[in-house]
Amino acid sequence: MSDTVTQKLMLFFPRCECEKPIIYHLVKDYDLIVNVYRAKVTPEEEGYLVLDVTGAETDIARAIAFVRTFNVTVNTTGKGVIRDDHRCTHCGACVGHCPTGALHIKDPATRQVVYNEAECIECLKCIKVCPYNACASTF
Amino acid sequence: MKTYEQINDRIASGKAVVLTADEIMDYVDKKGLAAAAEEVDVVTTATFGPMCSSGCVLNFGHSKPKIRMSEAWVQDVGVYTGLAAVDVYLGATQLRHGDPANMYHPGEFRYGGGHVIEDLVAGKSLQLFALSYGTDCYPLREIRTWFTINDLNQAIMLNPRNCYQNYNVAVNDSDKTIYTYMGTLEPRRKNANYCSAGQLSPLLNDPFYETIGIGTRVWLAGAHGHVYAEGTQHAGAEERTPDGVPTGGAGTLALTADMKHMDPEFVRGVSLRGYGVSLALGVGIPIPILNETVLKRTCVRDRDILAPVVDYGHEYPQKTGKIVTRVSYAQLRTGEIEIEGAKITVGSMSSYHKALKIANLLADEIRRGDFLLSRPLAYLPKDTAMKSLIKKEEPK
Ligand code: SF4
Ligand code: SF4
Chain A
0 MSDTVTQKLM LFFPRCECEK PIIYHLVKDY DLIVNVYRAK VTPEEEGYLV
50 LDVTGAETDI ARAIAFVRTF NVTVNTTGKG VIRDDHRCTH CGACVGHCPT
100 GALHIKDPAT RQVVYNEAEC IECLKCIKVC PYNACASTF
Chain B
0 MKTYEQINDR IASGKAVVLT ADEIMDYVDK KGLAAAAEEV DVVTTATFGP
50 MCSSGCVLNF GHSKPKIRMS EAWVQDVGVY TGLAAVDVYL GATQLRHGDP
100 ANMYHPGEFR YGGGHVIEDL VAGKSLQLFA LSYGTDCYPL REIRTWFTIN
150 DLNQAIMLNP RNCYQNYNVA VNDSDKTIYT YMGTLEPRRK NANYCSAGQL
200 SPLLNDPFYE TIGIGTRVWL AGAHGHVYAE GTQHAGAEER TPDGVPTGGA
250 GTLALTADMK HMDPEFVRGV SLRGYGVSLA LGVGIPIPIL NETVLKRTCV
300 RDRDILAPVV DYGHEYPQKT GKIVTRVSYA QLRTGEIEIE GAKITVGSMS
350 SYHKALKIAN LLADEIRRGD FLLSRPLAYL PKDTAMKSLI KKEEPK
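Chain order of the listed sequences is A and B. One point on numbering: in numbering that gives the first Met the number 0, the residue at position 66 of the first sequence is 65, and numbering is uninterrupted. One point on numbering: in numbering that gives the first Met the number 0, the residue at position 299 of the second sequence is 298, and numbering is uninterrupted.
Quick caveat, the hints were computed from the structure, so don't treat them as lab data. For every residue, glycine included, the Cβ atom is placed at its ideal position computed from N, Cα and C. There is no bait here: all hints are sound.
Some chain B residues flagged as far from chain A (calculated, every beta-carbon gap over 10 Å):
1. Arg9
2. Gly77
3. His104
4. Lys259
5. Asp363
Looking from chain B toward chain A, a few residues come up when the C-beta cut is under 10 Å (computed):
6. Lys189
7. Ala191
8. Asn192
9. Gly268
10. Val269
11. Ser270
12. Leu271
13. Thr333
14. Gly334
15. Thr344
16. Val345
17. Ser349
18. Ser350
19. His352
20. Lys353
21. Ala354
With the hints as constraints, model all of the structure from the sequences given.
Spelled out as structure tokens, the structure:
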């Protein structure tokens, strides 16, 4: 088996394109391991699906092409949760709530709070607990 | 021994030796107390965090024809008009008109008084809407207009209580999530939040109020302001360790400064989910090193400062006065404390990072000769305790 890679995908569905069992096809036809972070898939409404897919690079590329045939916008470089570095005061109110340590204190001496986006699982907790409205969802 | 005048002369000639309260301990350890007291002129202290008892007085000038505002809103946030015709007081915790508050619990409180103050300092254009009952001398009954801070005659911050000397560490021993002014606290003591700059904090570096008093010049969000009174709830008689570190809240300061000289980086609206809005402020206070005792007190370290851990699920709201235990700021700053064998993740409401930045900004200003120190006109009381509100029968 070739080397596997993990890629984050953000899929945006226009109204009512969600009839197809997309995840089923990703697993079954493209042999991908799927890890869903966030989903809002309601018939007759715009929706989104944010997930990690793990598999062979070529399979991922084919899977993305397949998904695009449904008029679904696929964003492969996107950030689901952003922190506005300008608004962040480095207070640390979020660090106790972030389940993965994506938001963490780099150095106890200065207590600067860094955000490592790669570790974010989009639980959205920081958006709720940040007193300075520094964290936001991009959609 | 040095006097205020000697220290100010050194500052004015650009020769003052200034260190931050974060640097001074190692310096004194290296040089010895006596030598360091000779050499060092000023130690800068600072803090940055939500300070709910804050607000400002605004004067709009007169419209033509004139109005005596009896009700007014800035950005739909109500301001107090029980002052002269076009003076208002805008408070940090005032909600925006129509905010559902906690109707759908927990409320989000996206915008309120603290945010208006932030926008004002940032130079944004804000909407004023005012009503009046009309008088012979002030006939106008209604006005809606837009203004920036530069259009105002005065925009003076006037904060009844800032810079709590020490503060609680909040936990939640109940079995549901609670939303407090100390942030969101998860059930069964899963996380803890504190709110102090610890060893950098102004009143922890001058625990007996020997240099910080009424009239002391302070750095308030970049502007040069003053301590104008003891802060509300100032309780100088709080229990202390032998070194003077209070084991509870203790002292507070009432601060004022001209908002036209403030830096928006240090004036920030705060949204506390399920609780309300507030204002976070950056404050820096210089301590003149008059003698060895004053210097020794600025050498306080996080490990020597203990904060009470309090359950905000029951004990705090019911005012039982019970505390779980005490922990040091050194422990808190590691991001984890251990209580009764359980590890608890620690977050903070105040920013040490910003406090450090402020202490350095103030130190630079003093080194450049741009910030002179002032001797207190009066000292803060050390013998007052905090009173409670007692529910009484109507007096006969
Ligand atoms: S809670 Fe908000 S302001 Fe505080 S460190 Fe986290 S992101 Fe920054
Ligand atoms: S969304 Fe969740 S995982 Fe991502 S940074 Fe915020 S708290 Fe951490």
